[in-house]
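Peer 1: Chain by chain, the residues run as shown.
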Amino acid sequence: MFFRSRPSLIWLCTVLGRNCMLLSILVILGFLLPRLIPGSPLSFSADQIDVLNAMLPEETFNRFTDYYAPEQPLIKQFAGYLRHLARGDWGYSFHYGLAVREIVMSRVSLTLFLSLTSIVISTLIAVSLGTYLALKGSEYLEKGLLTLLLVLQTIPVFLLAILCRMLFAHHLGWFPAFGAYPLGMTPADAGFALHFLRHAILPIAVLILNTVPPVAVLTRNVVQKIKREPYVEAAYYFGIREKIIWLYYILLNSFPEILGRLNITFLYAIAGALFVEIIFSYPGMGTLMKVAVEARDYPLIQGIFLVTSIYSIAINMLFELLSIKLYPRLTKMT
Amino acid sequence: MKNATVKKAALLILLIMMVMGIAYPTLAPFQPDDFSSPALLPPGGKHLLGTNKMGQDIFSALLAGFRVTISIALIVSFCSTLIGTVLAISCAFYRRWMDRFIMSVTEIFIIVPEIIVIMLFAAFAGPRVADVVMVMIFFSWSRITRILRGKAMVIINQDTLQYTLLLKGNLFDVGRKMWPYLYPAVATLFIQQCGRAAVYEATLSFLGIGDPALKSWGRTIKAALDYEGIFWGHTYLWWLLPPILCLILFVLALALLTFDFDESGERSD
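In order, the protein sequences belong to chains A and B. At position 18 of the first sequence the residue is numbered 18 (my numbering), and the sequence of numbers has no breaks. At position 263 of the second sequence the residue is numbered 263 (my numbering), and the sequence of numbers has no breaks.
There may be inaccurate statements among the hints.
As the list claims (entries may be wrong) - Below are the DSS-like pairs computed for lysine-lysine, each with C-alpha atoms no more than 27 angstroms apart in a straight line:
1. A:K225 - B:K222
2. A:K243 - A:K136
3. B:K7 - B:K151
4. A:K76 - A:K136
5. A:K290 - B:K8
6. B:K8 - A:K143
7. A:K143 - B:K7
As the list claims (entries may be wrong) - Quick look at which bits of chain A chain B covers, simulated, 3 or more residues with Cβ under 8 angstroms:
8. 112–122
9. 151–160
10. 265–274
11. 290–296
12. 308–317
What the hints assert, rightly or not - Partial chain B-side listing against chain A, Cβ under 8 angstroms, derived:
13. F30
14. I116
15. F121
16. A123
17. F124
18. T203
19. L207
20. G208
21. I209
22. G233
23. V251
24. L252
25. A255
26. F259
Since the hints were made in silico from the structure, they are not lab data. Beta carbons are placed, not taken as given, at the ideal position from N, Cα and C, and that holds for glycine.
Go ahead and model the full structure; you've got the sequences and the hints to work with.
Peer 2: And the structure:
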């Protein structure tokens with residue numbers, strides 16, 4: 001027991017360490033780049049700051065200079081940045097005049113809801129579709145479906161969202177076109193849950209359409225490779241029932257490889273969720289991001305960048321830990 | 001469907017699109033920013049696709065998009081493929097800390113989606129096209145580097161390359177000797193990168209980042225979506241749909257050009 005658990009403990013530490021390192025690089029990037037890119041208010045020199053002063057309301061400008069302290073040397077600014085982050089103080093939004101953390105936190109849950117729901121559903125669909133294609137699909141069906149999946153996966157997610165909104169919400173009128181619930185409705189009202197679900201169907205469906213193709217193609221390829229392994233062929237010679245071969249010999253052995261590559265797809269699903277929200281005016285982080293970008297609300301943009309980074313790294317880590325938990329022998333291979 | 005037929009069709013589509021981009025000033029019936037016509041005309045008569053809210057001819061804007069979008073895609077793709085190739089060869093040549101450093105930087109971009117990083121930093125940059133293009137180039141070489149590094153690490157073991165290393169060849173010599181082996185992969189990645197760049201540009205335009213006067217397809221899509229009445233009546237059919245279809249056709253043709261129907265067809269992000 002002791003010997004079995006030790007390597008995975010070391011592995012756990014490397015996973016944690018690597019992800020922490022990535023997070024710190026992102027934090028440094030978040031500090032450095034706005035100051036390097038020409039045109040951003042943080043790269044302004046002293047006389048340009050006056051222009052910003054004229055652009056913003058007095059109170060916002062004071063908060064901005066208080067928070068970023070642009071007159072100090074870079075090292076001191078960096079220390080201040082880290083101090084603020086450690087305290088959970090992400091500055092004040094220009095546009096809303098509120099603390100960035102509060103605004104972002106009030107929006108996170110809807111984005112999580114959209115992306116996690118679509119991730120779970122699309123994994124179920126994609127893995128079964130991919131397995132079916134590899135094991136039972138006839139040649140024509142396989143080619144046809146693969147072409148369809150290819151076409152679907154090349155369409156950028158926000159265009160897919162616009163097309164779906166055009167067709168299903170406006171042309172056919174089956175679903176509400178925007179928002180997370182009818183205007184003026186509160187969670188206390190009767191029938192809120194039903195309205196909420198109806199509003200979520202279309203965005204989630206678009207996300208599923210966008211996530212299924214890469215995962216299905218990946219599953220198909222992995223399963224097809226494992227299907228030709230000698231131990232599977234041997235199992236056929238022994239006359240083991242086909243269902244058992246599929247489940248225990250092929251599918252269970254395909255999971256580690258699928259799982260290892262799935263996290264990348266999911267990270268892209270997060271970005272997708274942000275864009276789909278914008279098209280459907282779904283009040284999550286995506287719409288917040290659009291407002292922030294349009295209003296050039298730099299503190300808010302930085303806050304959204306941080307939250308997205310943390311979310312991405314958390315998902316990445318979750319997947320790495322999950323694959324270690326399920327397949328301890330992976331730790332010995334690399 | 002035969003592999004070669006599909007590729008020929010895709011190539012033909014791309015060629016037609018490029019010719020339209022080059023010849024657009026003679027093809028377009030109006031200047032794309034000429035707002036002398038009545039606003040919101042339906043298609044017909046002088047205006048093939050009607051006019052927008054400002055009284056500008058939509059068909060001319062669509063034609064201008066061929067030139068703008070395709071040239072941005074080509075520039076971004078060329079520069080980021082160049083950076084990616086040089087970095088990949090450096091990885092194989094210097095190894096050790098250089099390799100480890102470049103690889104850990106690319107890993108960040110696997111974990112945080114490129115488009116999020118590009119978007120946030122493009123928002124910080126100035127509104128000129130050049131600034132936005134620079135941000136796109138700067139953040140989109142990671143995928144190319146990662147794929148080419150794997151190939152370069154294998155190629156460097158070839159006899160010719162080992163001989164060059166033995167003669168104390170520098171990075172440039174090694175790169176030149178490696179090029180014939182690396183070239184097919186670079187070409188494929190360049191084509192794929194064109195599609196990505198077009199999508200990135202459209203995404204940024206759609207978010208309102210970059211030059212508002214630019215006549216790319218993304219900008220036309222944004223202008224259409226910003227018009228409140230776009231989904232009432234049928235305005236979206238001739239204002240919103242054409243640029244979307246052009247963009248999808250362009251990206252799809254690029255994807256088909258590199259897609260191998262007999263092989264897997266996996267997306268490698």
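Peer 1: Return the status of the interface hint for B:A255: holds when the least beta-carbon distance to chain A is below 8 angstroms, violated otherwise.
Peer 2: Where the cut-off is 8 angstroms and the nearest Cβ of chain A is about 4 angstroms from B:A255, the hint holds.
Peer 1: Hint B:V251 vs chain A: min CB-CB distance below 8 angstroms?
Peer 2: holds (5 angstroms)
Peer 1: Minimum Cβ distance from B:T203 to chain A below 8 angstroms?
Peer 2: holds (6 angstroms)
Peer 1: Check the hint pairing A:K290 with B:K8 against an upper bound of 27 angstroms on the C-alpha distance.
Peer 2: violated (40 angstroms)
Peer 1: With a cut-off of 8 angstroms on the beta carbons, see whether B:G233 makes it to chain A.
Peer 2: violated (10 angstroms)
Peer 1: Taking only the CA atoms, is the gap from A:K143 to B:K7 under or equal to 27 angstroms?
Peer 2: holds (16 angstroms)
Peer 1: Would you settle whether the hint for B:A123 is holds or violated, based on the nearest Cβ-Cβ distance to chain A being less than 8 angstroms?
Peer 2: Result: holds, 5 angstroms to nearest chain A Cβ.
Peer 1: If you take the shortest Cβ to Cβ gap from B:L207 to chain A, is it below 8 angstroms?
Peer 2: Interface hint status for B:L207: holds (5 angstroms vs cutoff 8 angstroms).
Peer 1: Was the hint right that B:G208 lines chain A, CB cutoff 8 angstroms?
Peer 2: The hint holds - B:G208 has a Cβ within 8 angstroms of chain A, the shortest such distance being about 5 angstroms.
Peer 1: Verify the proposed pairing of A:K243 with A:K136, using a straight-line Cα cut of 27 angstroms.
Peer 2: The given pair, whose Cα atoms are some 12 angstroms apart, holds under the 27 angstroms limit.
Peer 1: Taking 8 angstroms as the C-beta cutoff, is the stated coverage of the region 151–160 of chain A by chain B satisfied by three or more residues?
Peer 2: holds (count 7)
Peer 1: State whether the coverage of the region 308–317 of chain A by chain B holds or is violated, taking the criterion as 3 or more residues with Cβ-Cβ distances under 8 angstroms.
Peer 2: This one holds; 5 residues, not fewer than the three required, reach chain B with a Cβ under 8 angstroms.
Against the hints set out earlier in the document, violations occur for numbers 1, 4, 5, 8, 13 and 22.
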